[in-house]
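Chains as they are written, first to last, in this note's numbering: chain A, 15 to 202; chain B, 3 to 197.
Hints are computed from structural coordinates only; laboratory data are not their basis.
It should be emphasised that the depicted structure is a prediction, and the values quoted were computed from it without experimental measurement.
Keep in mind that a hint or two might mislead.
Unchecked claim - Derived lysine to aspartate or glutamate pairs resembling EDC-like cross-links, with alpha carbons at most 20 Å apart:
#: 1; chain 1: A; residue 1: Lys182; chain 2: B; residue 2: Glu25
#: 2; chain 1: A; residue 1: Lys182; chain 2: B; residue 2: Asp18
#: 3; chain 1: A; residue 1: Lys182; chain 2: B; residue 2: Glu28
#: 4; chain 1: A; residue 1: Lys182; chain 2: B; residue 2: Asp21
#: 5; chain 1: A; residue 1: Lys182; chain 2: B; residue 2: Asp14
#: 6; chain 1: A; residue 1: Lys182; chain 2: B; residue 2: Glu12
To be verified - Just the calculated beta-carbon pair ranges, DEER-fashion:
#: 7; chain 1: A; residue 1: Ala194; chain 2: B; residue 2: Thr32; range: 20 to 26 Å
#: 8; chain 1: A; residue 1: Ala147; chain 2: B; residue 2: Gly84; range: 33 to 39 Å
#: 9; chain 1: B; residue 1: Ser35; chain 2: A; residue 2: Leu130; range: 23 to 29 Å
#: 10; chain 1: A; residue 1: Gly87; chain 2: B; residue 2: Gly98; range: 40 to 46 Å
#: 11; chain 1: B; residue 1: Ser35; chain 2: A; residue 2: Asp128; range: 18 to 24 Å
#: 12; chain 1: B; residue 1: Ser6; chain 2: A; residue 2: Leu144; range: 23 to 29 Å
#: 13; chain 1: A; residue 1: Glu190; chain 2: B; residue 2: Leu83; range: 36 to 42 Å
#: 14; chain 1: B; residue 1: Tyr96; chain 2: A; residue 2: Asn179; range: 42 to 48 Å
Here a beta-carbon is modelled for each residue, glycine too, at the ideal position from N, C-alpha and C.
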Amino acid sequence: MARVAWHDARVDDRSLVDTVLDGDRDAFRILVEREQVAVYRACLRILGRPHDAEDVAQESFVMAYRALGSYRGDGPLGGWLMRIATRHAFRRLGQRRDVAELNPEMGLSAPASDPLTALLSGERERAVRLAVAGLREPYREVVALRFFGELSLDAIATATGRPPNTVKTHLRRGLERLRADLGREVAA
Amino acid sequence: MSRSPFDPSEVDGSLDPRDPAVEELERYATIASDQAPGNLADRVMSAVAAEPTPRRGLMAWLVTPPSAGRPFARFARVTVLGATLVLAVAGALYAGELARLVRDFSVGSTPPPSPSITESFEPSPSESISPSPSVSPVESESESPEQSGEPSGVPTTTPRSSTSQPSPTGSEDESKSPSPSQTPEETDTPEPTPT
Numbered sequence: 015m016a017r018v019a020w021h022d023a024r025v026d027d028r029s030l031v032d033t034v035l036d037g038d039r040d041a042f043r044i045l046v047e048r049e050q051v052a053v054y055r056a057c058l059r060i061l062g063r064p065h066d067a068e069d070v071a072q073e074s075f076v077m078a079y080r081a082l083g084s085y086r087g088d089g090p091l092g093g094w095l096m097r098i099a100t101r102h103a104f105r106r107l108g109q110r111r112d113v114a115e116l117n118p119e120m121g122l123s124a125p126a127s128d129p130l131t132a133l134l135s136g137e138r139e140r141a142v143r144l145a146v147a148g149l150r151e152p153y154r155e156v157v158a159l160r161f162f163g164e165l166s167l168d169a170i171a172t173a174t175g176r177p178p179n180t181v182k183t184h185l186r187r188g189l190e191r192l193r194a195d196l197g198r199e200v201a202a
Numbered sequence: 003m004s005r006s007p008f009d010p011s012e013v014d015g016s017l018d019p020r021d022p023a024v025e026e027l028e029r030y031a032t033i034a035s036d037q038a039p040g041n042l043a044d045r046v047m048s049a050v051a052a053e054p055t056p057r058r059g060l061m062a063w064l065v066t067p068p069s070a071g072r073p074f075a076r077f078a079r080v081t082v083l084g085a086t087l088v089l090a091v092a093g094a095l096y097a098g099e100l101a102r103l104v105r106d107f108s109v110g111s112t113p114p115p116s117p118s119i120t121e122s123f124e125p126s127p128s129e130s131i132s133p134s135p136s137v138s139p140v141e142s143e144s145e146s147p148e149q150s151g152e153p154s155g156v157p158t159t160t161p162r163s164s165t166s167q168p169s170p171t172g173s174e175d176e177s178k179s180p181s182p183s184q185t186p187e188e189t190d191t192p193e194p195t196p197t
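Only chain A is shown next, with the shape it has when bound in the complex (with noise of 0.2 Å):
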């Protein structure tokens, strides 16, 4: 009966996470249940690459587990864990460019018929996470949290640590730069 109401949204994250530090590992099971799709899909969104992206979930989840007694409870825990799950991605991709690509990533969307258009597509795609990447933090947290996470800026606000304003002038000057460097990505 416990585990139907851990599913229920409303739920206070801080008894879901005290029940894990009280040594039950299930719990947390609900948690990555909850979270899996979101952070799946801001590594994804960041990586390119579906097995890297699952790769790096999965750690981002084991990172979180280990450093569950530090989430304060000030915040929702999908933040928290985003916020986890965005740097390690980005962690992760600065390796992978350190290392020479001999496997480039072919594109997210749906195969196309045409596959100049396929190739396309995925150089755009490749453009905006090199772009998103490239950008300084803190610029490059919020826009991969906003966009990638898919955080509110309240949320961003409380799982940074940062006031709400200041959040917002960082998405602004975040997009600011990234137009600049997309455009910079077209022209060449």
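Model the placement of chain B on the given structure of chain A, informed by the hints.
What follows is chain B alone, placed relative to chain A:
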């Protein structure tokens, strides 16, 4: 899971609704919306099974390794650990000192003043002689010590310092900062010996 599209009014309407960066991001996010693989939860739980139960509060913050992208968090953690270590050492030293004071206070009701006084005053005559040669070669080769001593203008303080510091360090200080005014009064240093 439905997407929540970006609304330019989220950033106080200062953004163009047809901003190309927003359009690109929205288009890309719509494409990359695959479902998570079905066995992700099982994989996570099998990985978590090998982990110890997470700790709570400050211990979790101290024990959990900081992420590589947060240099400030790493710095703060190292600072806290260092401060804790310093406080522990300082506390141990203070406790030891306190214990020593308590022991001395309880035991030391029979103070042996006489040996310490005689030892401290015996070297003073020999020390009073040593400063005068060290100072005189620099400034007052032609002057007498009395002439050089008067312009310094602090006749009352210098004798006290010279009598209170009969140790060899007194002669070193005088050689560094030549205050020859001490030399005439150093001859007065034998006065404390009657006391």
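We went through each hint and held it up to the structure:
no.: 1; hint: A:Lys182 with B:Glu25; in the structure: 18 Å, holds
no.: 2; hint: A:Lys182 with B:Asp18; in the structure: 14 Å, holds
no.: 3; hint: A:Lys182 with B:Glu28; in the structure: 18 Å, holds
no.: 4; hint: A:Lys182 with B:Asp21; in the structure: 16 Å, holds
no.: 5; hint: A:Lys182 with B:Asp14; in the structure: 8 Å, holds
no.: 6; hint: A:Lys182 with B:Glu12; in the structure: 8 Å, holds
no.: 7; hint: A:Ala194 with B:Thr32: 20 to 26 Å; in the structure: 23 Å, holds
no.: 8; hint: A:Ala147 with B:Gly84: 33 to 39 Å; in the structure: 34 Å, holds
no.: 9; hint: B:Ser35 with A:Leu130: 23 to 29 Å; in the structure: 24 Å, holds
no.: 10; hint: A:Gly87 with B:Gly98: 40 to 46 Å; in the structure: 42 Å, holds
no.: 11; hint: B:Ser35 with A:Asp128: 18 to 24 Å; in the structure: 22 Å, holds
no.: 12; hint: B:Ser6 with A:Leu144: 23 to 29 Å; in the structure: 24 Å, holds
no.: 13; hint: A:Glu190 with B:Leu83: 36 to 42 Å; in the structure: 40 Å, holds
no.: 14; hint: B:Tyr96 with A:Asn179: 42 to 48 Å; in the structure: 47 Å, holds
Hint compliance for this structure: no hint is broken.
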